[in-house]
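Chains as they are written, first to last, in our numbering: chain D, 189 to 924; chain Z, 189 to 924.
No lab work stands behind these hints: they were computed from the structure. From a predicted model like this one, the values you see are computed outputs, not experimental measurements. Careful: at least some of the hints might be erroneous.
Pairs involving identical chains hold if they fit within one copy or between any two copies, as the list cannot separate such chains.
In the DSS-like style, the derived pairs of lysine-lysine whose C-alpha atoms are separated by at most 27 Å in a straight line are [unchecked claim]:
(1) K840 x K506
(2) K466 x K840
(3) K333 x K693
(4) K733 x K840
(5) K287 x K745
(6) K863 x K333
(7) K333 x K295
(8) K287 x K863
Protein chains: 2
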Amino acid sequence: RQYKNLMHFLVEDWFISAMLGIITAILSISIDVGIELLIHLRNHLFEISKSYHESMGFVVWVSYITFFVWASAIICYAFGKQAVGSGIPEVKVIIHGFKMKNYLSLKTLIAKVLGLTLAMGSGLPIGKEGPFVHIGAIVASLLNKATSACRFNSFFSNEGRSMEMLSIGCAVGIACTFSAPMGAVLYGIESTSKYFAVKNYWRSFFATTCSALIFRFALLFFVPPHIAGTIMAYYQTNFPNEVFVIEEIGFFVLLGVAFGLLGALFVYYHRRISLFKKRNRAFKSVFGNSPISFTVICAALFAVLAFPDGFGTFFAGKMTFHETLVDFIANCTFTMSNVSNNGCPPELVERWTSINGFHPLMTLSLYFTIYFLLVPICIGLFIPSGIFVPCFVIGACGGRIAGELIAMIYPDGFHDETFIYPGLYAVVGAAAFTGSVTHSLSIALIVCETTGQLCALLPVLISLMISNAICSFLQPSIYESIIKTNGYPYLADLPPSRISVHQMKIEQIMIKDIVYITRDTTYWELREILLQTPNLRSYPFVTDKTSMTLLGSVARKYLVYLIQQKLGSEADMFAQRRNDQTSSELFISLRQGSQPMLTDRSISGSTLLPQSLLHDDQGENGPLASLLYSQNEDTTPIVHSMAQKVELLSSKVDLIEVAIDPAPFQLVRGTSLYKVHTLFSLLALNHAYVTEKGRLVGVVSVKELRETLNNIYSRGAVAPRQRVRPINDEENALSS
Amino acid sequence: RQYKNLMHFLVEDWFISAMLGIITAILSISIDVGIELLIHLRNHLFEISKSYHESMGFVVWVSYITFFVWASAIICYAFGKQAVGSGIPEVKVIIHGFKMKNYLSLKTLIAKVLGLTLAMGSGLPIGKEGPFVHIGAIVASLLNKATSACRFNSFFSNEGRSMEMLSIGCAVGIACTFSAPMGAVLYGIESTSKYFAVKNYWRSFFATTCSALIFRFALLFFVPPHIAGTIMAYYQTNFPNEVFVIEEIGFFVLLGVAFGLLGALFVYYHRRISLFKKRNRAFKSVFGNSPISFTVICAALFAVLAFPDGFGTFFAGKMTFHETLVDFIANCTFTMSNVSNNGCPPELVERWTSINGFHPLMTLSLYFTIYFLLVPICIGLFIPSGIFVPCFVIGACGGRIAGELIAMIYPDGFHDETFIYPGLYAVVGAAAFTGSVTHSLSIALIVCETTGQLCALLPVLISLMISNAICSFLQPSIYESIIKTNGYPYLADLPPSRISVHQMKIEQIMIKDIVYITRDTTYWELREILLQTPNLRSYPFVTDKTSMTLLGSVARKYLVYLIQQKLGSEADMFAQRRNDQTSSELFISLRQGSQPMLTDRSISGSTLLPQSLLHDDQGENGPLASLLYSQNEDTTPIVHSMAQKVELLSSKVDLIEVAIDPAPFQLVRGTSLYKVHTLFSLLALNHAYVTEKGRLVGVVSVKELRETLNNIYSRGAVAPRQRVRPINDEENALSS
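Modelling step: build the complete structure from the supplied sequences, incorporating the hints.
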C-alpha cells in the first residue's frame, strides 16, 4: 500500500503540477519570442520605409499596428470572444464556483495565445499577465480533464482537485510573466481566492519552481541571445544595500498617498469608460454590433499618436513597456547627467529628450499622462490584454518623476555619502500604483523578485500598504470593477471598515414574503404556488402557517413530479412556463449587457458544503431518480374525471420523507451583514433561510446580498426594496 | 457616515495593527539586547576566571549556564508552565478554536519574556522564534481585550477579530525574529491556519512592516553599535548574481532528498524523546514531579560538553548560533584557504580548526552530529525554547559540509569563471532542513529576506520542495508531532497522497449505534437515555424508529429540564452524574498526560458556521433562556404521587418545536474520509450526523476522525473499533 501511496504521490501530485508549470512556461517563452520578433519586424520595416520617404514610414507604422490589432481581434472573434480582455475577472468568477461556458476550452487557449502575440506584437500598451493567468488556468483545466480520463479505482482521486488546479494555473501564469516564483504564488492566491487551503499551496510552489527552471534552461539553450534579456522579464537593479535613509520614509508615505488616490482614479475612470461603451446610445448605435471596428479605430489612433517622428517623440512612442521600464528603474539620475557619478549615461537621457530639446521631466510627465489616459481604453478593446504591466510601467514613471524632483531638491542627499536614488522611487511607485489598482500586496514580493534585490522591500511595503489601503477604501479593485460592469454572478469583497455592514442585520435584507409548503398544503394550493413562482428551485417546508417551524426544503422538481403524477394532463405546463419566464424577464435583471454564457452553478467547485443530493440534477443516479424517472416507465397517461380531479386537488399533499432535504442552510435572525457575507463567500452559498427560534422568518439569496452591497463604496450598505414575490430567483436566472 | 467609516478604518484597522507590530518589535529588541548582554557577560566572566586558573574557568562556565537555565525554569514554574516550550503548537490549537487556559495571559507573557532571555542568555542551543510567535499572539490577544473594553455602539466591531489578531501576532513574532516582513506573513499563515481569509492578510503585512520599521529606527538610535549586527538577525550574504550553474541543480536535488530524510529522522527522534519522558517508568520515578531538576541536569551536561577548552573545542562550543551561522553562510571556501581568492579568511578557518589541528570538515561534522542529537533534547526542557533557529543552523552546517565536499571535488567549478560557493549550499541546506522539519515553504522567502539576496531563490526552492515533500510524506511536522504527544484536541493535517483517505467512506468510521429521540419517546425512555449517556450534549431527533428521518437535534440541557419539570424530585441527579463521569473516565481518554487546561470549545473562534444558538450556553440571553431559567422562579418543588409519576413517565415527551435545532450538520453516506476531514477542519465541526436519503444512519465526531487518522503515517487510515455507547463524548470531555 505504501508503494501505491508513493506512486500516487509522484504521479498525481508531482507530475501534474510539474507538467502544468512546464507547459505554461513553454507557452510563455514562445509567446515572448513571437512578440519580440513582431516588434523587431515593426521597427525594422519602419526604418526601411522611412529611408524611402518620411510619409511612407508613417503609413507603414500606422498600418502595421492597425493590421496586427485587427488580426488579433479577428482571431478573438473567430475562435471565441472568451479570449477577450484580461481573463483574471473571469477566472476569479470561475474559481468561486460558477461555470462559465467555453472559458476554459482549448479553442479559447489558442485564441488567447495567438491574439495576445499579435496584439502585443503590434506595440499596443497592454500587458500579458492577465491573459497568462487565463492561459495557465486553461492549461490546468485541460490537464485535469486529460488525467481524469484515466482515473480508475480511486487511484486518481478528484475531490476538489479541479479548482486547486485552476488556482495553481493562475500562479504559474504570473510566475511566467515576472519570473517571480514566490510572489506569483501569493498573487495567484490573492487575486483569485477568498479563502485558501494552506495544505494545497505547495503545489503552486512546485509548479512555479518548475516554470522558473524551464526559463532558466531556455535562456541557456533555446532562446537567441539578443532577445534573452526581454524573455526573462527580469529587471535586475543595482542599488547598494543601503539604498535609502530613514529621512526618506516621509517621501515614501507621500508617494503611497498619491498613488492610492491615482489608483482609485484609474479604476473609476476605467469603469466610466466601460459603462460609457455599454450605455451610451450614440456609441452603441455606431459600434454596437462591431467591437472590432472600434478596436481597429483605437489602434489606428494610438499608432498615429505614438508615431515616433510625430507626437510620439514627446513621450518615447517607439519604446515598448519593457524598454521604458528598464530606463525608469535604472540606478542613475536623469537630472544629474554630466554632473556627478550618479548621472545617467547620455544615450539613456537622449531617449527621454525629444528633438525639441525637452527636459526629461517634461517627457516623463507627458508619458505618464498619456498612458494614464490611454491604457484604460486599450485594455477594454476586443483583444486579449493585461492590466498589470501597463499599471506597473505607469507607476514606475510616476515614481521616477517624484524621485527626480526629490533628487533635484536634495542633490547631495540627507547625510554624507548618501544619495537620492530616483530608480528606487520608480520601483516604489510601480509597486504602489499596481498594488492600489489591483488591491494586491504580493506585488511587493513580485517587485523584489523581478528586480532581484531585496533592499527596496521596506520602502516598497510602506508605500504599498498606504496606497492599497486608500484605494481599497475608495474603489473596488479593477478586477472586481470589471466583474461588476460585466454583471458576472460574483459576490464582491467587502471594502474595509464600513460600519454599516456590522450594523445591518440579516432581517433588514431578507425577503419576508416567503412562499412555503406546509403539511396541510393541498394539491390545489401546491399547483397555484408552482404556477406563480416558476423561477424557484426549492421551497421551504414548514410545519404549519402559525408556528412556521422550518422542517426542511423540497425541490421544485419533485413537487412538479407530484402534481404531474396526480394530474397527468398538465404534464409539461410547468417546464414550459418556467422556460418562458426565465428567458424573458429574469435574465435581463441579471445580465445587463453581459454575454449569455453563465450556466448552472457548479456543484463541485469551491462549494465546500456538501450540497444536498436532493437538489442536484444528477440524472439517473440521484436519490430521487427512482421517483422522478420511474414516471417515464408507466406509459399510460393518467386521465381523471373532473370530480376525481377536484377531489384530488383538495386533498393534502403527500410528501414522502425522502424528498425533503432536512438541512437547508439556515441563519439566525440578528446575524450581521458582515457575517452573512463571510459565510456566503466561504461556502459559496446560494440562498439561506432565516430562522428565529426554529421559526422560518425569511430567506436571503446572493441577489439580495449583491443589491445591498451595490453602492457600498459610495453610500454604504443599503437594504434593498422588498419585492413581492421572487424568493431565490438568483439561482434560476443562472440555471436557464 | 463616511467620516465615521474613516475613523473606524484608521483606529480599528490601522492603529491596532501598528501597535501590535511596534510593541512586539520593542519586546524583541529588548530581549535581544538582554541575551546579548548575558552572553557577553558569560564570556567575559569566563575569560577573567580562566586567567586565575583553568579549573576556575570550568566552574564558572558550567555554573553560569546551569544557573541561568535554572532561573529560567524557576520563572516558568512560578509564573505558569504555559510559558514552557515553543508555543507554536499551542497557538495552532488555539487558532483552531479551542480555548486553552492562561495561554494568552499577561503572566505567561512575562514568564516567556524573562525565561527566554535567561535561557538564551545562558547559551543553550535553543531558538527564539517559537516563543516569539507565542509572545506576538499574547500581545495581540491583550491588545484585543484592551480595545474591546472601549467598544461601544458597534463602532468597534469584533466579529472574528480576535482570531485574526492572533494570526497577525504570529506573523509579527516571526518578523521580529528574522527581520523578514514578507516571509513572516506567509510563515504565520502556514504554521497556524488551515484555511485563510485573504481579505485579512493585509493587516499582517502592515503589522510586520511596522515592526520592520521599528527595527530600522532602533538600529539607528537606541542600540549600542557593537551589538547592532546581532539584533537585526540579518545575515547579509554577498554572492554574485550568477551564484550557481545549471549543472549544480543535481546537487540541490540530492541535498533536498538528504535533508528530507534527516528532517523526518529529526521529528521521529524528537517524538521518541518526548514519549520516553512521558512513558518511561524509570525516568518518571526520578524526574516525574520535578521537570526543573531534569532541565538543570541537562543544562549542566550541555555546559560540560560545550566547555570551550574541553570537548567544546571540537565543535566551537563557545559560539552562539548567530556566530556560527554567519560563518556557515560566508561567501568563501574553508578548504581553499590560502589557495585561491575564494578561500576563507584565516581567522574564520581558525575558529573551525580545533587546537589539535582537526580539519574544518571534521569539526563541522562533529558540530552537525552533536547538535542534531542535542537540540531535540534541549527544546523539550522546561524552559521557553524555539525549534526553528536550531534547525536552521543544523541545516546550514549540513549544507556547508556538502558544499565544501563538492568544492573539493570540483575545485575549478563546472565552467570557466564559475566556482562552487559552499556558502550557497549552506543557505540551501538551512532552508531545506528547516522546511522539512516544520513543513513550511515560506522558509524559502525568509531565507532570502534574511540573507538579503534573491539569487539563491531557485536552488533553495528546489531543495526545499523536495525535502518538504519527503518529510511530509514520512512524518508530521514537528509542531503537529508535539500537538499529538501532548494530546491537544486538534485535528491534524492529512499527509499528502494517502489513497486510503479517499477510499475510506464515512460509514466505515461513523458510530452506528446511535442514541436518538423519536416523536414517540416517553418520559420513561427519555429518562433512561439521559441517565445512560451522561456525556452527550445533544441528541438527534428522528421521526420514528422505522423511518428514522432526521428532523433535528435537541440539546441535553433542554431534555434534562423537561424531565425536571415533570419530576421535580430528581432535580440535580443528571447534573451530578454528568460531572462525576466526565472528571473520572472521560478526561483520561483524551488527556493522556497533558495538563488540565482544555476548556470549553470556543464558539466564536474560527468556527465559521453559525453555531445553532440552541446548543450554546448563552446564559440569560439564549433563545432557550425563557424556558430554562424560568425554572428558577417557580420555587415550589413539584411533588407527584407515585401513580401520577408512573402515568407521567409513560406519556410521550412533549417537545416544543422551539427546542429543536432543525439544522444540525449532516453528511451524506458515501462521503470520503478526505472530504470529511476537509469539512471538519474548515468549519471546526465537532460532530456531524450521517444521513442516507434523509434517514439517520450514524454520527461522526472529531474523536472518531482522530482515531481513524492516528496511524496515518505508518498504516494509513484505519477505521476505529465500534464502541458500544458513547456517541460524541469528545465535546463533553472538553467541556467539563
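Hints and how they fare:
1. K840 x K506: neither (78 Å within a copy, 88 Å between copies)
2. K466 x K840: Neither: 51 Å inside a chain and 66 Å across chains, both beyond 27 Å.
3. K333 x K693: between (43 Å within a copy, 25 Å between copies)
4. K733 x K840: Both, since 14 Å and 24 Å are each at most 27 Å.
5. K287 x K745: within (22 Å within a copy, 45 Å between copies)
6. K863 x K333: between (36 Å within a copy, 21 Å between copies)
7. K333 x K295: within (15 Å within a copy, 56 Å between copies)
8. K287 x K863: For K287 and K863, the Cα distance is within 27 Å both inside one copy (25 Å) and across copies (22 Å).
Comparing the model with each earlier hint shows violations of hints 1 and 2; every other hint is respected.
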